[in-house]
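Chemist: Now for the letters of each chain:
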Amino acid sequence: MRRFLLIAVPYAWLLVLFLVPFLIVLKISLSDAALARPPYTPHFEWAEGVWAFFSQLDFENFVFLTSDSLYWKAYLGSLQIALISTVFTLLIGYPIAYGMARAPEEWRPTLMMLVILPFWTSFLIRVYAWMGILSKEGFLNQFLLWSGIINEPLVILNTNTAVYIGIVYTYLPFMILPVYAALDRMDGSLIEAAEDLGCSRLTAFWLVTIPLSRNGIVAGCFLVFIPAMGEFVIPSLLGGSRTLMIGKVLWEEFFSNRDWPVASAVAVVLLLILIVPIMLFQRNQQKQAEAEQ
Amino acid sequence: MRLSWFNVVSLTFGFVFLYLPMIILVIYSFNKSKLVTVWAGFSTKWYGELLQNEAFLNAAWVTLKVAVISSTFATILGTMAAYVLVRSGRFFGRTLFSGMIYAPLVMPEVITGLSLLLLFIGIGMDRGVMTVVLAHTTFSMCYVSVVVSSRLFTFDQSLEEAALDLGCSPAQAFRLVTLPIIAPAVISGWLLAFTLSLDDLVIATFTTGPSATTLPIKIYSAVRLGVSPEINALSTLMIAVVTIGVILASLVSKRNVANKRREELAAVRAE
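Sequences listed follow chains A and B, in order. Counting in our numbering, the first sequence runs from 4 upward without gaps. Counting in our numbering, the second sequence runs from 3 upward without gaps.
Hints are computed from structural coordinates only; laboratory data are not their basis. A hint or two may mislead.
What the hints assert, rightly or not - Derived DSSO-like pairs (lysine-lysine); straight-line CA-CA distance at most 30 Å: (1) Lys47(B) x Lys67(B); (2) Lys47(B) x Lys34(B); (3) Lys76(A) x Lys139(A); (4) Lys76(A) x Lys30(A); (5) Lys139(A) x Lys47(B); (6) Lys36(B) x Lys47(B); (7) Lys139(A) x Lys34(B); (8) Lys139(A) x Lys36(B).
Claimed, not checked - If you want a taste of the chain A side facing chain B, the calculated C-beta under 7 Å gives, among others: (9) Pro24; (10) Ile27; (11) Val28; (12) Gly102; (13) Arg105; (14) Pro121; (15) Trp123; (16) Phe126; (17) Gly135; (18) Ile136; (19) Gly201; (20) Cys202; (21) Ser203; (22) Ile229.
To be verified - To be clear about the criterion: a stretch of chain B counts as covered by chain A if any three or more of its residues have a C-beta under 8 Å from a C-beta of chain A, and this derived list gives those stretches: (23) 23 to 37; (24) 117 to 126; (25) 194 to 201; (26) 237 to 247; (27) 264 to 272.
Glycine included, each C-beta is placed from N, C-alpha and C at the ideal position.
Modelling step: build the complete structure from the supplied sequences, incorporating the hints.
Modeler: Listed below in structure tokens is the structure:
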């Protein structure tokens, strides 16, 4: 009885507040928009049986997504921004993680804390901090004008460049931590062996260090890519009207246009796109857990 | 190990990149001028104005309330879920259960928020503090259960078995043996849930009603209009609280580790 309760309570909670809401999204994505409260008319009733359910499925919202270029441009925009920022996060995060793993033992806990600290700090505030830096009168422009590198202030805020900077900045700890964990576990004598056997430092790094930190790299990339795909706060604060990201489109579809069925269809498609990377991520984590045992 | 110049440079640049934006934010919260980017002398007037801004204070109170309640529920539910995942062996629907634990961790917030809002509307629930608490509890419990289950995995199960052999009931064994061992993970789970709740904008915006505006929602609507020194002051206070919290936590855990090492040494010597 006790075991039953132990399983049933969290199980029921997640069923009601995680799984059922999804089914509702799925259901509404197959409904028609209406000027009512709630603003949609469901296309089917569960009571009518399985056959009626399937015969009433209505994909017009999904067809609508393919017919309006706004949506696929937003999906592609998100994909592009997420991919490029993941690459930059890796290029910036890897040397930091590498430096941490090579740092003297007694520094490492402090360095670790310095990486984790921003993670505990409000996400919104970290994005906001960049608004003051990147704006036309911001610190970056002030600095560049003062140092004579540019004569005209650069327009960075409200462009895609600002979105890239924002994503790289806020997700950097997610890249550093798994890569550092992988590098920290690595046996340093392997590098020495490679160098003794005639590898240059760079070849040893390329042939030994990179492959051995592969799991960390993969985990870090997914931890950046997956949330960046659905990101809303960064494009809405740092991006401009021409920044098309699907999280922002979904938000506007829901709050401004009040078209719930289309917003739900946008969510369903986003999830379908993310299922592949999510599965790959889970498999990578599982493999790593097995390798450790 | 010796640090090469390359490592020194990448560490320096990395940490400057991570911290400079926040340092600038903090410095300019003490700026006299309303223009955030022009320094006009030291002043604490924005902190004074902040403390008189009723809307922000209310929002802060709502946020704190939501965070304390939701992280407490999330810790209880998450610890239960972790125990089920690690110890309950096979049961009907186990795959679905672990899927539901891990999925919210990677789910885009816009989707979680949208789906919960549609649920609350579907069952005709008034939106307010209560619905935000339910939403936050749901996604935080998954984080808690990941943190707690990693501790449960590494712990020596024979300790529990010994307690049962010596006549403890399962509940007693949990309270007297398991809980003290996993306590650090449970506490860090609670802290994680607490900060996730404090920080959340997207899910709160979807699930809240007009009666419950949280601090991130308030900050977001102010920030959309541009940079303001009052928000800088508020951000500084939040950064200060987090920094103090993290430093205290690391000092406590360092002391615990040192104590444990001392005890182990004493035990070895006693033999």
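Chemist: Please count how many residues of the region 264 to 272 of chain B have a CB within 8 Å of a CB from chain A and say whether that reaches 3.
Modeler: violated (count 0)
Chemist: Do the numbers back the hint for tryptophan 123(A), that is, is its least Cβ distance to chain B under 7 Å?
Modeler: holds (5 Å)
Chemist: Holds or violated: the region 237 to 247 of chain B covered by chain A, criterion of 3 or more residues with Cβ-Cβ distance under 8 Å?
Modeler: As far as the region 237 to 247 of chain B goes, the hint holds, because 6 residues have Cβ atoms under 8 Å from chain A.
Chemist: Given valine 28(A) as an interface hint, is the shortest Cβ-Cβ distance to chain B below 7 Å?
Modeler: It holds, given that the least Cβ distance between valine 28(A) and chain B is near 5 Å, below 7 Å.
Chemist: Within 30 Å, alpha carbon to alpha carbon, are lysine 139(A) and lysine 34(B)?
Modeler: Roughly 21 Å separates the two Cα atoms, so the pair holds.
Chemist: Quick check on the hint: proline 121(A) CB to chain B CB, less than 7 Å?
Modeler: Holds - the Cβ of proline 121(A) comes within 7 Å of chain B, reaching about 6 Å at its closest.
Chemist: Take the C-alpha atoms of lysine 139(A) and lysine 47(B), compute the straight-line distance between them, and say whether it is at most 30 Å.
Modeler: Roughly 26 Å between the alpha carbons, so the hint for lysine 139(A) and lysine 47(B) holds.
Chemist: Does lysine 30(A) sit within 30 Å of lysine 76(A), going by the straight-line distance between their CA atoms?
Modeler: holds (25 Å)
Chemist: Mind checking, does the region 194 to 201 of chain B have 3 or more residues with a CB under 8 Å from chain A?
Modeler: holds (count 3)
Chemist: Take the shortest C-beta to C-beta distance between isoleucine 27(A) and chain B; is it under 7 Å?
Modeler: holds (5 Å)
Chemist: Hey, does the glycine 201(A) contact hint survive, CB to chain B under 7 Å?
Modeler: violated (20 Å)
Chemist: Holds or violated: the hint that glycine 135(A) contacts chain B, with Cβ atoms closer than 7 Å.
Modeler: holds (5 Å)
Going through the hint list in order, the structure does not satisfy hints 19, 20, 21, 27.
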